[in-house]
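**Student:** What follows is each chain in one-letter form.
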Amino acid sequence: AQSVTQLDSHVSVSEGTPVLLRCNYSSSYSPSLFWYVQHPNKGLQLLLKYLSGSTLVKGINGFEAEFNKSQTSFHLRKPSVHISDTAEYFCAVKRGGTSYGKLTFGQGTILTVHP
Amino acid sequence: DGGITQSPKYLFRKEGQNVTLSCEQNLNHDAMYWYRQDPGQGLRLIYYSQIVNDFQKGDIAEGYSVSREKKESFPLTVTSAQKNPTAFYLCASTQPRGNQPQHFGDGTRLSIL
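If you read the protein sequences in the order shown, they are chains X and A.
In terms of my numbering, the first sequence opens at residue 1 and continues consecutively.
In terms of my numbering, the second sequence opens at residue 1 and continues consecutively.
Keep in mind that a hint or two might mislead.
Some but not every residue of chain A turned toward chain X, in silico, with C-beta under 8 Å [to be verified]: (1) G16; (2) V19; (3) G42; (4) T94.
If you want the footprint, here are the derived chain X segments under chain A, 3+ residues with CB under 8 Å [unchecked claim]: (5) 37-51; (6) 104-114.
Derived by calculation from the structure, the hints in this document are not laboratory data.
For glycine and all other residues, C-beta sits at the position ideal for the given N, C-alpha and C.
Using the sequences plus the hints, can you model the full thing?
**Tutor:** Written as structure tokens, this is what we have:
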């Protein structure tokens, strides 16, 4: 069975500094991995996805993530955060086999960016 | 613009009452999903449907019911059997083949009166 662990429940950084949000996964299959962002009282918006190929994936709003098969990780990074990046971030892995597109989500990481 | 519309945005349930949350999509997606979100627990799958007139239980289906009479619509009923219904409910859709990501609506917040 697939599972996702987000290693930090809260991360607080200053505007203009880099940020790293950590995600480890377990999967019986070659995984498809996703990062989503959620602003308060809103739905989830896709930031980026890894399906196969290059292990460095670039997404929207300057975010990127690196797939590391040996460490079963898919950490999200941004070199310089903005106040508007304050939100909750979810890592997800697609369930394998006849799962009909189902995802397993991590518990979420709340990112707070201070002025 | 294509997207997913959830309504209402806020909903209140009285003791012993069933309530229905609406989810409509115009993305022509075959698969639709309902998630429940509680603080610190991520998203948990309630029900999903891969095709019209077919749906399957997810990880926490007890106390909920769904229907899929039209491709565009996947309403969720929170029944009186769900003893702790207060949560944020999210609907999503995708084309399940080809590793397409799920697209989400803006959610319905359900509270008990």
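**Student:** Against chain X, with CB atoms and a cut of 8 Å, does the hint on G42 of chain A hold up?
**Tutor:** OK, holds: G42 of chain A within 8 Å of chain X, min 4 Å.
**Student:** Between the region 104-114 of chain X and chain A, see if three or more residues pass the 8 Å beta-carbon test, and mark the coverage as holds or violated.
**Tutor:** holds (count 4)
**Student:** Given T94 of chain A as an interface hint, is the shortest Cβ-Cβ distance to chain X below 8 Å?
**Tutor:** holds, 5 Å
**Student:** Tell me if chain A covers the region 37-51 of chain X under the three-residue, 8 Å CB rule, please?
**Tutor:** holds (count 8)
**Student:** Let's test the interface hint: is any C-beta of chain X closer than 8 Å to that of V19 of chain A?
**Tutor:** violated, 19 Å
**Student:** So, G16 of chain A near chain X? Judge it on the closest CB pair being under 8 Å.
**Tutor:** violated, 27 Å
Hint check: violations occur at hints 1, 2; the rest are consistent with the structure.
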